[in-house]
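Once you have looked at the hints, place chain B on chain A.
These protein sequence lines are chains A and B, in that order. Just remember that my numbering sits 60 ahead of the position in the first sequence, which is counted from 1. Just remember that my numbering sits 60 ahead of the position in the second sequence, which is counted from 1.
FYI, nobody ran anything at the bench for these hints, they're computed from the structure. Ideal placement from N, C-alpha and C gives every residue a C-beta, glycine not left out. Be a bit skeptical, because a hint or two may be false.
Claimed, not checked - Not the full set, but computed from the structure, chain B residues with beta-carbon under 7 Å of chain A: (1) Met84; (2) Gly86; (3) Lys98; (4) Pro376; (5) Gly377; (6) Glu379; (7) Arg380; (8) Gly432; (9) Asn433; (10) Tyr435; (11) Glu445; (12) Met449; (13) Gly490; (14) Arg500; (15) Met503; (16) Gln505.
Protein chains: 2
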Amino acid sequence: MTLFEYKGDIVIVDMGLQFPEDDMPGIDYIIPNIEYLKGKEKNILGVVITHGHLDHVGAISHLIPKLGYPPVYATGLSRGIILKRHDDFPKAGKLEIHTVKKTDNLTLGHFKIEFFHVNHNIPDSVGIALHTPEGTVIHTGDFKFDHSPIGDEPADIARIVQLSSKDGGVLVMLSDSTNAEDSGYTISERQVQESLDAIIKDAPGRVIAATFGSLISRIQQLVNIAEKYGRKLAIDGYSMKTNVEIAKELGFIKAKKDTFIPINDVSKYAPEKIIIACTGAQGEGEAVLMRIAHKEHRFVQIQKGDSVIFSSSVVPGNERSVSSLKDILMYQGARIIHSKLMDVHASGHAQAEDLKLMLNLVKPKYLIPIHGNHYMLRMHGAIAESIGMPSENVLILGNGKPTVFKDGKAHILESRVPTDYVMVDGLGIGDVGQVVLRDRQLMAQDGIFVIISTIDTKTGKLKGNPDIISRGFVYLRESQELLMDVRKRVRKIIEGSFATEHTLNASYLKDEIRNKTGQFLFQKTERRPMVIPVIIEI
Amino acid sequence: MTLFEYKGDIVIVDMGLQFPEDDMPGIDYIIPNIEYLKGKEKNILGVVITHGHLDHVGAISHLIPKLGYPPVYATGLSRGIILKRHDDFPKAGKLEIHTVKKTDNLTLGHFKIEFFHVNHNIPDSVGIALHTPEGTVIHTGDFKFDHSPIGDEPADIARIVQLSSKDGGVLVMLSDSTNAEDSGYTISERQVQESLDAIIKDAPGRVIAATFGSLISRIQQLVNIAEKYGRKLAIDGYSMKTNVEIAKELGFIKAKKDTFIPINDVSKYAPEKIIIACTGAQGEGEAVLMRIAHKEHRFVQIQKGDSVIFSSSVVPGNERSVSSLKDILMYQGARIIHSKLMDVHASGHAQAEDLKLMLNLVKPKYLIPIHGNHYMLRMHGAIAESIGMPSENVLILGNGKPTVFKDGKAHILESRVPTDYVMVDGLGIGDVGQVVLRDRQLMAQDGIFVIISTIDTKTGKLKGNPDIISRGFVYLRESQELLMDVRKRVRKIIEGSFATEHTLNASYLKDEIRNKTGQFLFQKTERRPMVIPVIIEI
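Only chain A is shown next, with the shape it has when bound in the complex (with noise of 0.2 Å):
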């Protein structure tokens, strides 16, 4: 999510979503922190999306509503996509969503908003160019160049260079840089439906293409080629069979009129005649091709014959679940064939040469990496300085740093606008914090021990023995030794403590029992499970 701010006028372009890192278990996404907006909220003119995909639009549902339902501007997939998510979110309220085709101009304030063609992964994807007073603004969203896209026409280089030649030229542009650290230049889809033909006209059966849910075009290219072979083509996989009907219904997707049929229809052709096109080429726990392989799936299991085409790249930390997958395919006979074998996948992403031609048509005076980690910033702009760009006319800004324009030169400032981490899980929205999720990874790590002690406040004698919980530490009913040895101490901290004092301290007991006992345990297992000490008071 990116702001865009002139004389109290705002633009806000995208609103996306973030998947959790590594340490943040049980979490189901990041949202943008909108603190910044507060008190501000009738100053949002508009929020201008450049693509449907969840990082983009993902956030739209949770952040509208708080912020006073601001209009929304977007192309025709984009709106349907993000209508469609809102549907899960009942009590968000309605939003003010408005359809725009890449020739319109839009006045939000002092801003004047254009579009223009780009290619990425998705049909329908836009760059915004943002005219204001103080200069051209430039923002890419995610793109690549394509000169010979399927399902979609190549980025609109002439308008491109139209719109950044007005007004004498652009001040800054926000460009992608999530394969700065690749070389050369993005394979063309046309190549990877050829690679797919090739696979699917040989295949001696069925073939099961996974990829991402939200990649249309690859759909698309499959549509091509089942029709070519007359094969039969099946969806399956929630988010992908939701992104194709709305696709389908907005004409980003072109087929005959038999071409799709429902997934448990599969077995009603003959396996030669079927192409599956499913989720899961990450290994996702729950996605279609991971409940294939399990034999959990209640329309597909794997059969000598069939091809499996991951058409996608693995996403960094998915590489041993793809991997464990894979096994678990061939071992029940399947072909595999991936993006390391045949060009099965071209990424959406402009990689180094694509971005010089991005830096040499729009010629920005500055350069603001956006998308990708500060390494891939820096990539980015060690690219841009390659090609003459000054490099003081780099600016790699962190999240949430604010840089002002004024008469043709950039200054970052001091401050900081707040970014830290709004975490969504289940219905809760930033109610997890660092706390919850030290206490969630202490527990993964080696479990939880309570230990509960009931006490006679008159005559600090232990009813009964301590009862101990433990999940997650060690198996219990073979570890009744170091319980009795546990119960004992415990004992003996309550009832010595209450010999010497001659009264209950609560908050001192449980010190000591957790203490003794989290050294005692460690001692014994060199595990230190969380230990909680629970004093019921009779």
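The following block gives chain B in isolation, referenced to the frame of chain A:
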């Protein structure tokens, strides 16, 4: 760990550990299951080691005592590493460990054993020939061919040919499949040295080279470069320091007397006179590079002009931590060089063309691809078939799949030897099973919610309010209303039940409290903490 058995005689090759999978929180590592060997301890004539990496020697100190202390045979460096690690197991008893030279002949019962030198990224690595009355078995260990290694000799191709042509040729080869997926040849360590040389030659300040703690050959390269440019070399990181000490002592690292300096002396030299070799290239939390990045290192902090070389590949699963580590170092002003940018790392494993070379040298009748997941074993098999091995002679065996060779023919048995994971967690070996792991996973997702109800058995009334202990679920102070609601519901369940039953049925009450509270919490939060009811009867 591989077992060879002939007429009751047993020889074991390697005894390593495996690092835990993603779904095994808190587990230190996994060791081989030795159930099959119970009762056969006396038959084990020797444990023969290929090289000193933990995945080949790391279970020795755990298992040798349980197997009746069979003799271990290892080359000098491997022996040094095994003995050093054994110091951490004071109760494990003394190992019987013999140093073997690469020219040695070893007779263990029916087995005649010979060695051949291979390259790997630790010196003194060998492959093993086991001559048996049924034919010769070649076990490559981890290997690559390097015709210009650093601090090592090239793999002994002449000897491989010679051993393989004895006794009418090789019956079966077990060969390393780790890099079967990678085409071409592994690059030479000479090339790595040249890249490192080029970087360090021009580095304006200190050079910090992070790599695996066991990568002894990389240290020799840094020694060579340090001496060439008059820099000093400091080593930091427990495993690296230990391995370097052993390797220096045994002559596997050759350095001038004053090349190495202690890490606490680095500030005594000008930055351009310093190289630091350290652990942490995988972004591991406790390793040296992470401590430097987080300013927790006692002697080294990043300063302007520092170059940090990630001289390793990224182990699958570590991509995100490595990215974030690079970010932090860059923020602090370091220049980052990694293997995507320059050849600053060579893998220790044969790639496709190297595997073909080994197959052509050994000319085995059968191939058993080993090391690597099922997918890689298959790739290795496909490579063998591509150069003429009949597909029925490629044996893709799962763990624990026994295969009998008789009269020159292989028979894969239907049975399976137990290979269930034996997990090591702290001092516990095999005491963490699926139940404990599942509990850890559940608690990591949504936390734990303990409800303690103290009930008067005579009246069925609660004493006070139920105590609630929750961790990793919600931040309790901000959820008082939810907790009050739960307490009210629990009271209703308990007192309602007593009113109709006139007796206290604790196990019924616990079920009711668990189910109803679980449902209620899910409905309110869409989270499923582990709900644990405790009933204290007074």
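Right, here's what the structure says about each hint:
A hinted interface residue such as Met84 (chain B) counts as satisfied when its beta carbon comes closer than 7 Å to some beta carbon of chain A; here the least separation is about 10 Å, so the hint is violated. Because the closest C-beta pair between Gly86 (chain B) and chain A is about 4 Å apart, less than 7 Å, the hint holds. Here the hint on Lys98 (chain B) is broken, as its CB sits about 19 Å from the closest CB of chain A, past 7 Å. Interface restraint check for Pro376 (chain B): the shortest CB-CB distance to chain A comes to about 3 Å, inside 7 Å, so the restraint holds.
With its C-beta approaching chain A no nearer than about 5 Å, Gly377 (chain B) sits inside the 7 Å limit, and its interface hint holds. Annotation: Glu379 (chain B) was flagged as interfacial toward chain A, and the flag holds, the nearest CB pair being 3 Å apart, inside 7 Å. With its C-beta approaching chain A no nearer than about 5 Å, Arg380 (chain B) sits inside the 7 Å limit, and its interface hint holds. With its C-beta approaching chain A no nearer than about 9 Å, Gly432 (chain B) sits outside the 7 Å limit, and its interface hint is violated.
Look at Asn433 (chain B): its Cβ gets to within about 5 Å of chain A, closer than 7 Å, so that hint holds up. The beta carbon of Tyr435 (chain B) is positioned within 7 Å of a beta carbon in chain A (closest approach about 5 Å), and the interface hint is therefore held. With a least beta-carbon distance of about 14 Å to chain A, the hint placing Glu445 (chain B) at the interface is violated under the 7 Å criterion. About 19 Å separates the beta-carbon of Met449 (chain B) from the nearest beta-carbon of chain A, more than 7 Å, and the hint is not met.
At a threshold of 7 Å, the smallest CB-CB gap from Gly490 (chain B) to chain A is about 10 Å, leaving the interface hint violated. Against a cut-off of 7 Å between C-beta atoms, the interface hint on Arg500 (chain B) holds, since the closest Cβ of chain A lies about 4 Å away. Contact between Met503 (chain B) and chain A, as hinted, is supported at the beta carbon level, the nearest pair being about 4 Å apart and thus within 7 Å. Restraint check, Gln505 (chain B) versus chain A: the minimum CB separation of about 4 Å is within 7 Å; hint holds.
Hints 1, 3, 8, 11, 12 and 13 from the earlier list are contradicted by this structure; the remaining hints agree with it.
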